[in-house]
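K.L.:
Chains A and B are the protein sequences, given in the same order. FYI, the numbering used here numbers position 131 of the first sequence as 131, with every residue one higher than the one before it. FYI, the numbering used here numbers position 38 of the second sequence as 38, with every residue one higher than the one before it.
Just so you know, not all the hints are guaranteed correct.
Here are the computed lysine-lysine pairs in the DSSO-like style, where the Cα-Cα straight-line distance is at most 30 Å [what the hints assert, rightly or not]:
no. : chain 1 : residue 1 : chain 2 : residue 2
1   : A       : K46       : A       : K91
2   : A       : K126      : A       : K192
3   : B       : K79       : A       : K159
4   : A       : K159      : B       : K134
5   : A       : K159      : B       : K56
6   : B       : K79       : B       : K56
7   : A       : K46       : A       : K84
8   : A       : K25       : A       : K46
9   : B       : K34       : B       : K132
In short, the hints are calculated from the structure, not lab data.
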Amino acid sequence: MRFDRLALALTTFFVLCGGLNAASKSFDDYLDALGQRESGGRGDYKATNPAGYLGRYQFGELALVDCLFYEGDSTPYDNDWVGKWLIDAAKLGVKSKDDFLDTPKAQDAAIWRYSELQWRTIVQLKLDQYDGKTIGGVAITKSGMLGGAHLVGAGGLRKFLRSNGQTVPTDGNGTKITEYIQLFASYDVPFK
Amino acid sequence: MRRQSGLVICLFAAALPLLSSTAVAEDRRRPIPKEVETELIRFEPAYATVSGFLDKYPQGDFVERFREAGQAKVGLALKDLNGDGKQEVIAILAGPVTCGARDCEVVILAPTDRGYRTVFDGFASSIALGAKAKDGWRDVITNLATDRDNVRSGVIWTWTGERYAIR
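Extracted from the complex, chain A is given alone in its bound form (with noise of 0.2 Å):
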C-alpha cells in the first residue's frame, strides 16, 4: 500500500516535470536545439561544410541575401561568399565571411531575422491554421512548423500540410520534414 503511494506521487512528479519542460521552452531553446542540429551536434558558430555554408545555423548565401545581411553575387547557387556583405551586417562587425564565422551576435541576429521572416511566410501561406492538429500523425506546431520550413522552406511545409502527410518532403541529405517538425515542437514562438 505504501509502495503504491509511492509509485502514485513519483508518476505525479514526473508528469508535471513534463508539463513544466513543455511549457518552459523559449525561443532561445528552440534556436539552441536548431544551432545544435544543423551544426552536427557541436553547436559551433564557426562551423562550415564543404559546399560553403556557415556558422552554426548553416547559412547560404540566398538565406542571408534574404536576412539583409548580404548583398549576393554573379553565382547564387554557389556559396563562393565573393559578393558584399550589407549595412545590417556591418553595423555587427560583419564584412566578409570569416568576420561571419568569427562573430556569434550576429549569426544569432540573422537566425532570429530569418526565422521572422519563414514565419512571414507561413502565414501568408496560410499555413498556421494547422496548429494544434495531427498531419500524417505528427502533430503540427509553430515552432514545429518553423523548423521544417528551415529544412525545405515554407513551400515543402505546405506540401506536407496540404497532403494531409501522403508527400514527405526530404531535404538534399535525405532528412525527411517530419523529423524537424517533431524534433522541434513546442517551443515558444514570439512571431504573430
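Using the hints provided, position chain B relative to the given structure of chain A.
P.N.:
Positioned in the frame of chain A, the structure of chain B alone reads:
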C-alpha cells in the same frame, strides 16, 4: 504484482517527456563508389521570375506548382539524362517559399509529346549526376560532399521506371 505495475507506470511517466521530444533520425547518405564518375550540375541564373520560365516552358504537370513558388528566381541546367538525344530541364527555384536555410527546391522535367513531365522533385543545395542505371537514366545525387579522406557521399536517387526515388 501491484508493486510491479506501479513501477511500470512510474517508469513510463518518467520517460514521457523524452518520448515526446525525440524523433528518430535516419541517415540516407551513402558513400559513392570510387569507380563512379560524378558530374556536378552548375545552374545558370536564367529567369528572374517563375513567369519568365513558364513563358518558355508553358506546358506540363509542373505549371501549377511553379505558379505557387512565389517570388522565386529560376536557375537552369540542360542535360540529357537518359541518352535519348533530348535534354532534360533541371531547374532550381530560389526564393523565400521554395528554399530552407540551406536547400532549395530542384525539379527535373523530361520532355514529352505535350510539354514536360516531372521526374524529380526534391530539395538540395547541389545536384550531381552519377552512374547510368535502370533504362539508361543516370543516377541523381543530392548534396554530394567529399570528406577529409576523399570519400564522396550523397543521397542517391535512382530511376524507377517512372521517376526518381531515393535508393
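K.L.:
Indicate, hint by hint, whether the structure satisfies it.
P.N.:
Hints, one by one, checked against the model:
no.	hint	verdict
1	K46/A with K91/A	holds, 20 Å
2	K126/A with K192/A	holds, 12 Å
3	K79/B with K159/A	holds, 27 Å
4	K159/A with K134/B	holds, 28 Å
5	K159/A with K56/B	holds, 25 Å
6	K79/B with K56/B	holds, 17 Å
7	K46/A with K84/A	holds, 20 Å
8	K25/A with K46/A	holds, 25 Å
9	K34/B with K132/B	holds, 15 Å
When each numbered hint is compared with the structure, no violation occurs for any of them.
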